[in-house]
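Asks: If you read the sequences in order, they're chains A and B.
221 is the number that numbering that gives the first Met the number 0 gives to position 222 of the first sequence; each next residue is one higher, with no gaps.
180 is the number that numbering that gives the first Met the number 0 gives to position 181 of the second sequence; each next residue is one higher, with no gaps.
Calculated directly from the structure, the hints in this document are not laboratory data.
Check each hint, because a few of them may be wrong.
List time: in silico DMTMM-like cross-link candidates among lysine to aspartate or glutamate, alpha-carbon distance up to 25 Å [to be verified]:
no., chain 1, residue 1, chain 2, residue 2
1, B, K173, B, D153
2, A, K25, A, D107
3, B, K30, A, D111
4, A, K30, B, D107
5, B, K30, A, E20
6, B, K30, A, D21
7, A, K30, A, E48
8, A, K30, B, D161
9, B, K30, A, E48
10, A, K30, A, D163
11, A, K30, B, E20
12, A, K30, B, D115
13, B, K25, A, D21
14, B, K30, B, D115
15, B, K30, A, D107
16, B, K25, A, E108
17, A, K25, B, E108
18, B, K25, B, E108
19, A, K25, A, E124
20, B, K30, A, D115
21, B, K25, A, E24
22, A, K30, A, E108
23, A, K25, A, E108
24, A, K25, B, D21
25, A, K30, B, E48
26, B, K30, B, D163
27, A, K30, B, D111
28, B, K25, A, E20
29, A, K30, B, E108
30, A, K30, B, E24
31, B, K30, A, E24
32, A, K25, B, E20
33, B, K30, A, E108
34, B, K25, B, D111
35, B, K30, A, D161
36, B, K173, B, E230
37, B, K173, B, E92
38, A, K25, B, E24
39, A, K30, B, D21
The primary structure of each chain is shown beneath.
2 protein chains.
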Amino acid sequence: MTEIPDDHPRAASLRTRHRIEDGVEKGITSKQGLIAEGRGEAFDYLLGERTLPSADDAERAAAAQLLLADHAVLSVNGNVAALVPGEMVELAEATGADVEVNLFNRTDERMDAIADHLRDHGADEVKGLAADARIPGLDHERAKVDADGIGDADVVLVPLEDGDRAAALAEMGKTEIVVDLNPMSRSPRAAAIPVIDNVVRAIPRMTEHARDLAGASDDELERIVAEFDAEEALAAAERAIRTGGDE
Amino acid sequence: MTEIPDDHPRAASLRTRHRIEDGVEKGITSKQGLIAEGRGEAFDYLLGERTLPSADDAERAAAAQLLLADHAVLSVNGNVAALVPGEMVELAEATGADVEVNLFNRTDERMDAIADHLRDHGADEVKGLAADARIPGLDHERAKVDADGIGDADVVLVPLEDGDRAAALAEMGKTEIVVDLNPMSRSPRAAAIPVIDNVVRAIPRMTEHARDLAGASDDELERIVAEFDAEEALAAAERAIRTGGDE
Numbered sequence: 000m001t002e003i004p005d006d007h008p009r010a011a012s013l014r015t016r017h018r019i020e021d022g023v024e025k026g027i028t029s030k031q032g033l034i035a036e037g038r039g040e041a042f043d044y045l046l047g048e049r050t051l052p053s054a055d056d057a058e059r060a061a062a063a064q065l066l067l068a069d070h071a072v073l074s075v076n077g078n079v080a081a082l083v084p085g086e087m088v089e090l091a092e093a094t095g096a097d098v099e100v101n102l103f104n105r106t107d108e109r110m111d112a113i114a115d116h117l118r119d120h121g122a123d124e125v126k127g128l129a130a131d132a133r134i135p136g137l138d139h140e141r142a143k144v145d146a147d148g149i150g151d152a153d154v155v156l157v158p159l160e161d162g163d164r165a166a167a168l169a170e171m172g173k174t175e176i177v178v179d180l181n182p183m184s185r186s187p188r189a190a191a192i193p194v195i196d197n198v199v200r201a202i203p204r205m206t207e208h209a210r211d212l213a214g215a216s217d218d219e220l221e222r223i224v225a226e227f228d229a230e231e232a233l234a235a236a237e238r239a240i241r242t243g244g245d246e
Numbered sequence: 000m001t002e003i004p005d006d007h008p009r010a011a012s013l014r015t016r017h018r019i020e021d022g023v024e025k026g027i028t029s030k031q032g033l034i035a036e037g038r039g040e041a042f043d044y045l046l047g048e049r050t051l052p053s054a055d056d057a058e059r060a061a062a063a064q065l066l067l068a069d070h071a072v073l074s075v076n077g078n079v080a081a082l083v084p085g086e087m088v089e090l091a092e093a094t095g096a097d098v099e100v101n102l103f104n105r106t107d108e109r110m111d112a113i114a115d116h117l118r119d120h121g122a123d124e125v126k127g128l129a130a131d132a133r134i135p136g137l138d139h140e141r142a143k144v145d146a147d148g149i150g151d152a153d154v155v156l157v158p159l160e161d162g163d164r165a166a167a168l169a170e171m172g173k174t175e176i177v178v179d180l181n182p183m184s185r186s187p188r189a190a191a192i193p194v195i196d197n198v199v200r201a202i203p204r205m206t207e208h209a210r211d212l213a214g215a216s217d218d219e220l221e222r223i224v225a226e227f228d229a230e231e232a233l234a235a236a237e238r239a240i241r242t243g244g245d246e
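Please construct the entire structure, taking both the sequences and the accompanying hints into account.
Replies: So this is what it looks like as C-alpha cells:
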C-alpha cells in the first residue's frame with residue numbers, strides 16, 4: 000500500500016483494492032466479497048468517486064442516530080473488515096457502539112480471522128461469536144446474531160449488507176443505517192438512513208460528525224435525524240449516477 | 000449450474016457468477032478477475048442485462064471483420080475462459096480464427112489451466128504458450144504473445160482486455176474488436192469495433208452472425224464493417240447506462 004504515491008490519480012481506488020486483496024490472503028474476504036467490491040467500484044466510478052452532499056447529510060444523520068441510541072451495534076462483514084477495520088473501531092469509540100461480526104457466508108474460520116483482525120486494529124470486544132440469538136425470517140446460518148449484540152440493539156449500522164438481512168433487521172423494528180454504493184439495491188431502500196457512499200469515505204466521515212456532535216443535546220440530535228430525507232437522498236444519488244451530474 | 004431454474008428472474012446472471020466461481024476453483028480466474036466480474040455486473044445491471052441494438056450492430060460488424068481477416072486471433076483471458084470457453088471455440092470455428100491465451104497476471108499454472116480448459120471445450124490448438132514475440136510498449140510479462148498468433152494477426156478479438164494492452168495492440172496497427180460492459184473505459188475506446196455487451200451474450204451472437212454471413216461476398220462484409228459507427232455505438236451505450244432508457 001505504501002507503494003502507491005498520494006498524488007496518483009487513482010490512489011484511493013487502488014489502496015481500496017489492495018486492502019480487499021490482502022483480505023483474501025488473510026481469509027477475511029470471500030469470492031463473493033471480491034465480486035461485490037467490483038460492483039461497488041463501478042457504481043463509485045459513476046458517482047465520480049466522491050461523497051455527494053446528500054451522502055454527507057446521511058453520514059451526519061447516521062452519527063446523530065448512533066449517539067441517540069440506547070444500544071448501537073456496528074455490524075462488520077468480510078469486506079468491511081478488510082477495508083475499514085481501524086475506522087470501524089474508531090467509530091465505535093466515538094459513538095459508544097458495540098462491534099459485531101456478521102457474515103453472509105459464515106464459517107468459524109472467517110469469523111475468527113475477522114475478530115482477530117478487528118482486535119489487531121484496536122477493538123476491545125468483538126461480538127458475533129456467541130451467536131445465541133436469531134433474526135426471524137432468515138436461513139439458519141444467516142440468522143445468527145449475539146443476544147447481547149444485534150439481538151438487543153435499537154440502532155444497527157450494517158455497511159454493505161445483503162438485501163434479505165437488511166429487510167429482516169428493519170422488520171425487527173431496529174433503526175437501520177446502511178452504507179451501499181447502489182441506491183437502487185434493496186439494502187439501502189430498507190434502511191431508515193441509507194448512506195450512498197464508499198465505505199472507505201463514509202465511516203471516517205461518520206466518526207468526524209460524531210465527534211463534532213459529542214456535546215449536542217438530544218433535541219439537536221433528534222432534529223438532525225428528523226431533517227434527513229431518505230427518499231430524497233436515494234433519488235439524489237440515482238440522479239448523480241444516471242446523469243453524472245452534481246445531484 | 001443445473002440447480003438454477005430457467006424461469007428464475009436472474010438465472011443468466013447467477014449462472015454467470017457460478018461459472019466465474021468455478022473458474023477460481025480450477026485456477027483459471029484470478030482475484031482481479033472476480034473484481035472485474037463485479038464491475039461488469041454493475042454496468043450490465045444499469046444496461047438492463049440486455050443486448051442493445053447498437054451492440055448487435057457491433058457484433059455483426061465484428062463477425063464480418065473476423066471473416067474478412069487474413070489471420071484473425073481470439074484472445075482468451077481468465078474470465079473469458081471461465082465464462083465462455085465453448086462459445087469461444089465455436090466462434091473460432093465459425094470464423095477460421097486462432098485461439099490464444101493472454102493473461103494480465105501471467106503465470107505458467109494459469110496459462111496451462113486455461114489451455115486445458117479450452118481443450119476440454121473442443122479447442123484443437125491453443126496458442127499463447129510459446130510467447131516468442133512481444134507487444135511493443137508493455138511490461139515484459141504483459142507484452143508476451145505468440146509470433147504465429149497475435150504477433151502475426153491482422154484482426155484480434157480481445158474480450159475484457161486491459162486498457163494498456165488494448166491501446167498497444169491498436170498502435171501495432173491491428174484491427175481490434177473489444178468486448179466490454181463499460182463504454183467509458185479505455186479498452187473499447189481503443190477498438191475499431193467496440194462491443195458494449197456481456198461476453199456471455201456477445202460471443203454466441205457473433206457466432207450466429209458469422210454463420211449467417213458465411214456465404215457473403217467480401218464487398219458485402221466490407222460494407223457491414225464500414226457502416227458500423229464506433230463513436231455512435233459507444234455514445235448509445237453510455238446513454239442507455241446513464242438514462243436507463245432504450246438508447
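Asks: For each hint, tell me whether it holds in the structure or not.
Replies: Verification of the hints:
1. B:K173 - B:D153: holds (5 Å)
2. A:K25 - A:D107: holds (14 Å)
3. B:K30 - A:D111: Given pair K30 of chain B, D111 of chain A holds - Cα atoms ~22 Å apart, limit 25 Å.
4. A:K30 - B:D107: holds (23 Å)
5. B:K30 - A:E20: holds (7 Å)
6. B:K30 - A:D21: Given that 25 Å is the threshold and the Cα spacing comes to 11 Å, the pair holds.
7. A:K30 - A:E48: holds (24 Å)
8. A:K30 - B:D161: Measuring from Cα to Cα gives roughly 21 Å; hence the hint holds.
9. B:K30 - A:E48: holds (22 Å)
10. A:K30 - A:D163: holds (19 Å)
11. A:K30 - B:E20: holds (7 Å)
12. A:K30 - B:D115: Holds, at roughly 23 Å.
13. B:K25 - A:D21: holds (21 Å)
14. B:K30 - B:D115: Since the Cα atoms of K30 of chain B and D115 of chain B sit roughly 20 Å apart, the hinted pair holds (cutoff 25 Å).
15. B:K30 - A:D107: At roughly 23 Å apart (the allowed maximum being 25 Å), D107 of chain A and K30 of chain B satisfy the hint.
16. B:K25 - A:E108: holds (22 Å)
17. A:K25 - B:E108: holds (22 Å)
18. B:K25 - B:E108: Judged against 25 Å, a Cα distance of about 10 Å means the pair holds.
19. A:K25 - A:E124: holds (20 Å)
20. B:K30 - A:D115: Since the Cα atoms of K30 of chain B and D115 of chain A sit roughly 23 Å apart, the hinted pair holds (cutoff 25 Å).
21. B:K25 - A:E24: Holds: K25 of chain B and E24 of chain A sit about 18 Å apart, inside 25 Å.
22. A:K30 - A:E108: Roughly 15 Å between the alpha carbons, so the hint for K30 of chain A and E108 of chain A holds.
23. A:K25 - A:E108: It holds: about 10 Å lies between the C-alpha atoms, which stays within 25 Å.
24. A:K25 - B:D21: Holds, because 21 Å separates the two Cα atoms, which is no more than 25 Å.
25. A:K30 - B:E48: holds (22 Å)
26. B:K30 - B:D163: holds (19 Å)
27. A:K30 - B:D111: holds (22 Å)
28. B:K25 - A:E20: Answer holds: K25 of chain B to E20 of chain A is near 19 Å, not above 25 Å.
29. A:K30 - B:E108: holds (20 Å)
30. A:K30 - B:E24: Holds, at roughly 10 Å.
31. B:K30 - A:E24: holds (10 Å)
32. A:K25 - B:E20: holds (19 Å)
33. B:K30 - A:E108: Between K30 of chain B and E108 of chain A the Cα gap is close to 20 Å, so the pair holds against 25 Å.
34. B:K25 - B:D111: holds (11 Å)
35. B:K30 - A:D161: holds (21 Å)
36. B:K173 - B:E230: holds (18 Å)
37. B:K173 - B:E92: holds (21 Å)
38. A:K25 - B:E24: With a Cα-Cα distance of about 18 Å, the restraint between K25 of chain A and E24 of chain B holds, given a limit of 25 Å.
39. A:K30 - B:D21: holds (11 Å)
Violation of the numbered hints given earlier is absent; every hint is satisfied by the structure.
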